[in-house]
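Q: Using the sequences and the hints, build the whole thing.
In the order they appear, the protein sequences are chains A and B.
The numbering of the first sequence is the UniProt record's numbering, which starts it at 1 and goes up by one.
The numbering of the second sequence is the UniProt record's numbering, which starts it at 1 and goes up by one.
One or more hints might be untrue.
Derived DEER-like restraints, expressed as beta-carbon distance ranges [to be verified]:
hint, chain 1, residue 1, chain 2, residue 2, range
1, B, Lys393, A, Glu16, 40 to 48 Å
2, B, Val47, A, Ala61, 47 to 55 Å
3, A, Glu215, B, Asp265, 34 to 42 Å
Simulated from the structure, these hints should not be mistaken for laboratory data.
Remember, it's a predicted structure, so these values are computed and weren't measured experimentally.
Where a beta carbon is used, it is the ideal one built from N, C-alpha and C, also for glycine.
Number of protein chains: 2
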Amino acid sequence: MAIAQALEELHNLLGERLRRAKPELDAHGHSESYFPNTPPDAVAYPVSTDEVRRLVNICAAHNCPMVGWGAGTSLEGHGLAVRGGVVVDFSRMNKVLEIRPADMDVTVQPGVTREALNEELRATGLFFPVDPGANASIGGMAMTRASGTTTVRYGSMRDNVMGLQAVLADGRVIHTGSRARKSAAGYDLTAMFVGSEGTLGLVTELTLKLHGIPEATSAGICSFERIEDAVNCVQETIQMGIPMARIEFVDAATTQAFNAYAGSDMPAVPHLMVEFNGSPESVAQDADRFAEIVADHGGSPFQWSAREEEHRALWAMRHNGYYAILASRPGARAIVTDICVPISRLAQAVKETQYDIAASDIPGPILGHVGDGNFHTILLIDPDQPAEMLEAKRLSDAMAERAIRLGGTCTGEHGVGMGKTAFMRQEHGDAWDVMGSIKTALDPRDLMNPGKLVPQG
Amino acid sequence: MAIAQALEELHNLLGERLRRAKPELDAHGHSESYFPNTPPDAVAYPVSTDEVRRLVNICAAHNCPMVGWGAGTSLEGHGLAVRGGVVVDFSRMNKVLEIRPADMDVTVQPGVTREALNEELRATGLFFPVDPGANASIGGMAMTRASGTTTVRYGSMRDNVMGLQAVLADGRVIHTGSRARKSAAGYDLTAMFVGSEGTLGLVTELTLKLHGIPEATSAGICSFERIEDAVNCVQETIQMGIPMARIEFVDAATTQAFNAYAGSDMPAVPHLMVEFNGSPESVAQDADRFAEIVADHGGSPFQWSAREEEHRALWAMRHNGYYAILASRPGARAIVTDICVPISRLAQAVKETQYDIAASDIPGPILGHVGDGNFHTILLIDPDQPAEMLEAKRLSDAMAERAIRLGGTCTGEHGVGMGKTAFMRQEHGDAWDVMGSIKTALDPRDLMNPGKLVPQG
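A: Structural data, given as structure tokens:
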């Protein structure tokens, strides 16, 4: 009844921008992952911070849960309204509010997607570098602390959100951070909100760092017989201070999927795909120096190019990895895992994972952001075989436990959501309770994305 | 009486490592700044995390405030026990616990100084880059979110602390972060502790990112008639993606102080001092490209060198800036200010500040980390003239207000401490109360560095 009352008041506030039709609820009740459908009671489409503030006040008055929604590309079910309530879809708050080329920053609404943002930035010679693969919304990327292929060079959302505006559970609208490049003025609330998965408030504005579009790029690919050699090659490159813009690892199984999908004929061994950004001279030098390191570690000759069309082909192959792998088992559904370890433990983590997968009945090619120690398996299950889903879950759980045991984290970039809650105690110990205390301090009635991230009563 | 009881129990725990002699209390009751002496009731020298935990339990049982102390180089009085209690001096927890060259990280105790750490790292080819000038302790640097000359390239403590161990006010020992290079597993407690100025707990261990000692360095100096030209030159260099390792601004008054102090004969105009790190080829190219940008903005010919002894001389001059300026007014005491603004507002902020200083009776040369938009005035006052102290305070306050008005922050790197509390409401609005809520959630009885950072009851 309380929620019904909230919905009536929200309808008065939003009119047709409060939706209750089943297809709309269903579209906001499933994710790009394996969680059961969980339609909310309603979907709200606010258009301004002030409207979000009013929405929050109505929901708070009636104990109605609120769950933010970006582009719906989360892999861990962050946006599922597991305790009912209203999904707040930010797709109509998708404006680029102010671009400041001199300061290399931009203020945006949370619903803008990273591709739309970069399209708007094009004329400035600047770009927003964080690239999780999917065309996610900036708000969603901030809330999951997203990263991706370019993080080794440009950092993750942690490093690229300078400040934000959020509506708290009690309706207060706060601003965090500033437009200064650094500050020592108090707790880093920006960092606290980035990665909070909507549990502390609804973010309605973000200020982001931008970077200059590099003058030149070189990129290429090389192969190794052994994973250790590929990892050692990357370690040495980092230690030498050669600034890689991307450094991606794909295992033999992924290479075979590429070959089948794109008609290429790469040897079925681990590969590294790498990109350098800089001046025409520096990217040539970086590529040459990298080629020497590759040779020192027994890799194949590093074939690189400064031509943009070849880079596009290379990264299209990488970005299509998910689809290539999916196509390698017709009719399969993918369970995508995500762990991150210290780079010295990366080869061990990959090999133990491969061993586990080989001993199971399901295929699981591996690919990842090797410069960060972050990798994924794409576990291919037959959706009609419940045993395969259980097996995938077992493999995924073993990976998370392995990552924690090796000094890493149960999620490098996908977030906690529904899928990683079970590992939070193991990873954080009593610090998980500290997260719970912070949540309670800011949202004592647990209205902001309840049931997620913190220990549950 | 409660504190007396705590001190008795602490004496039983620590023996001669609990000190109550007046000289020792006085040494921990003044800072490198203008705040009145505030000796604590005792100084404790714990040697292990477990001892800190016991200390905290004793203090908590008797409502005795606890204030962390590193190298005592804070400029804002962070370590002053304004409500009495125990100063916890970490100078005996100064070990480098584990260096992991393959992962380019290190775990240290909080009392190690940055110079001692880099000395221990030397053989590894790695270094810890954050350089606030003073030979501060790593724990103190983390607690104030320190940065400095190299932040434009290597980031601040925010970017270089991967995780930490802290003893909370209730005696729980928590670990934050992991040794993975990134994580999306929950609230970023590491970032919350970095910059918390000891108000959330006592940090007993830190894991830091390391960087490869650059193969080659180029560095040099150039001058400009107008501040705007110097700033525009830096902006363009950043936009071009030329990676500066340091880029320091000194104004005409600072240049004159250098000349008088070191016998140099630089023209009395604004100067930029810049350094590039990389390969021998890349640092030469970077310097050449920078020289072109300098010329485009009307600067003097950029004189650079790849010779280490010349770099040492350059940065010795910069690092001695404080002493050079101090020597320019014999007998004077220095009040060092610290603000940070978006770089597009930097020239305006410097010029308005210069105008204010010129209209006052006290000198105040300006220097700063121009790549971050961060600068300092060193206001020289006669300690026997109370009116000059008031005037310095007025100028400093005007700077903080100016920074906030221009979209920046009242402190770029020195922290809040005693000196910037008055500006927290103006800078953060309701977000300051959120900081207070977090503090209360973790330290409900306000025992950890009470009277600092958050709104006071």
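Q: Hint by hint, which ones does the structure fall short of?
A: Hint 1 alone not satisfied by this model.
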